[in-house]
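S.K.: These protein sequence lines are chains A, B, C and D, in that order.
Per our numbering, the very first residue in the first sequence carries number 1; after that it's consecutive.
Per our numbering, the very first residue in the second sequence carries number 1; after that it's consecutive.
Per our numbering, the very first residue in the third sequence carries number 1; after that it's consecutive.
Per our numbering, the very first residue in the fourth sequence carries number 1; after that it's consecutive.
Don't read these hints as lab results, they were simulated from the structure.
Note that the Cβ used here is the ideal one computed from N, Cα and C, for glycine as well.
Hints may be right or wrong, so weigh each one.
Below 25 Å or equal to it, Euclidean Cα-Cα: the simulated DSS-like pairs (lysine-lysine) are [unchecked claim]:
#1 B:Lys94 / C:Lys53
#2 A:Lys94 / D:Lys53
#3 A:Lys19 / B:Lys87
#4 D:Lys11 / C:Lys94
Just a few of them, taken from the derived set where beta-carbon distance is under 10 Å, the chain D residues facing chain B [what the hints assert, rightly or not]:
#5 Tyr21
#6 Leu29
#7 Leu39
#8 Trp44
Number of protein chains: 4
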Amino acid sequence: MNPDLIQLINKFREERNWKQYHNPKDLALSLSLEASELLENFQWLSSDEAVVKNRQEIAEELADVFIYGIQLAEEMNFDIEDIIRMKVRMNGEKYPL
Amino acid sequence: MNPDLIQLINKFREERNWKQYHNPKDLALSLSLEASELLENFQWLSSDEAVVKNRQEIAEELADVFIYGIQLAEEMNFDIEDIIRMKVRMNGEKYPL
Amino acid sequence: MNPDLIQLINKFREERNWKQYHNPKDLALSLSLEASELLENFQWLSSDEAVVKNRQEIAEELADVFIYGIQLAEEMNFDIEDIIRMKVRMNGEKYPL
Amino acid sequence: MNPDLIQLINKFREERNWKQYHNPKDLALSLSLEASELLENFQWLSSDEAVVKNRQEIAEELADVFIYGIQLAEEMNFDIEDIIRMKVRMNGEKYPL
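Model the full structure from these sequences, guided by the hints.
M.R.: Have a look at this one:
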């Protein structure tokens with residue numbers, strides 16, 4: 001993840017004094033709620049219909065998922081690239097070619 | 001997002017021929033399920049207890065959220081950094097200093 | 001579950017011709033979204049704060065969860081009391097006294 | 001909701017001393033996680049495929065959703081039938097014939 005982007009997100013919450021609320025449990029809860037708002041754009045629609053109708057909303061909600069994911073990684077002291085590479089490796093062992 | 005990482009994830013699913021299943025609706029559904037598995041690590045625990053007890057599991061599930069998020073962005077032709085910067089700007093207007 | 005209540009819900013959707021959309025997958029998806037809207041009433045709040053602040057909203061969202069649950073049970077031909085009694089019995093074996 | 005069923009569920013948790021953990025926020029969180037486990041039975045499958053393949057699992061997870069819903073209603077002192085009737089009436093105003 002681009003360090004400039006992580007810094008942008010950190011600065012945003014520091015300016016608003018929100019870090020005090022951002023314990024990992026509440027961040028994971030909010031990430032899950034944003035993932036549901038993302039999914040809501042597909043409710044009662046086929047995938048193709050939703051993509052046409054709700055492209056902008058899907059971009060916004062997916063961005064929120066990433067923003068909470070970055071904040072949770074910060075709180076946990078995870079390097080996002082490291083955990084992704086680790087998980088892809090684990091998935092490769094679980095689903096071998 | 002590091003292009004090498006996106007390529008790693010793309011290669012993983014091409015080798016397994018999974019792209020055929022990865023329409024945006026089913027990807028958004030799976031992302032939401034992974035966000036719930038992430039949250040499950042905090043169930044019936046305080047945030048501090050969960051962080052100590054389930055650090056490794058939290059890393060793995062958060063990585064899965066990112067992996068599905070990256071795949072959904074790919075299918076939608078979103079640039080992840082662009083949509084994050086757009087959303088931070090929108091949040092700044094919604095919650096001014 | 002009171003048969004009058006099930007009939008009320010069935011009548012509601014028949015009058016609106018919604019049964020055609022109500023396949024089990026989309027009902028399960030909507031039930032999950034309503035469960036997230038219920039949970040959203042507790043976001044960034046302690047349990048006690050949320051109960052005072054959002055009592056009415058919690059009632060409405062919990063009702064939506066039940067309404068989708070009843071509709072999904074109808075589509076699957078489940079008797080709600082039967083499956084609850086079955087699951088309590090299974091939970092009793094999993095967590096013996 | 002059948003009072004015998006509510007009593008069965010209350011007795012189950014009293015015998016295990018679980019009521020102490022069951023504040024509304026954690027119950028809403030667990031209800032949301034169970035709704036995701038329910039939805040997981042439809043992941044990467046069409047609705048028809050899922051119904052055939054996972055009928056028993058769908059029954060079990062839907063039952064868990066009802067069980068947590070009943071416990072949350074108990075903690076909130078909601079009468080389940082009352083809140084469902086209220087919500088159906090509100091939905092009728094939102095989506096008139």
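S.K.: If a hint holds in the structure, say so; if it does not, say that too.
M.R.: Evaluation of the provided hints:
1. B:Lys94 / C:Lys53: The given pair, whose Cα atoms are some 22 Å apart, holds under the 25 Å limit.
2. A:Lys94 / D:Lys53: 22 Å, holds
3. A:Lys19 / B:Lys87: 19 Å, holds
4. D:Lys11 / C:Lys94: Satisfied, since the Cα-Cα distance of roughly 16 Å is no more than 25 Å.
5. Tyr21: 6 Å, holds
6. Leu29: 6 Å, holds
7. Leu39: 7 Å, holds
8. Trp44: Since chain B brings a Cβ to about 6 Å from Trp44 (chain D), closer than 10 Å, the hint holds.
Going through the hint list in order, the structure satisfies each hint without exception.
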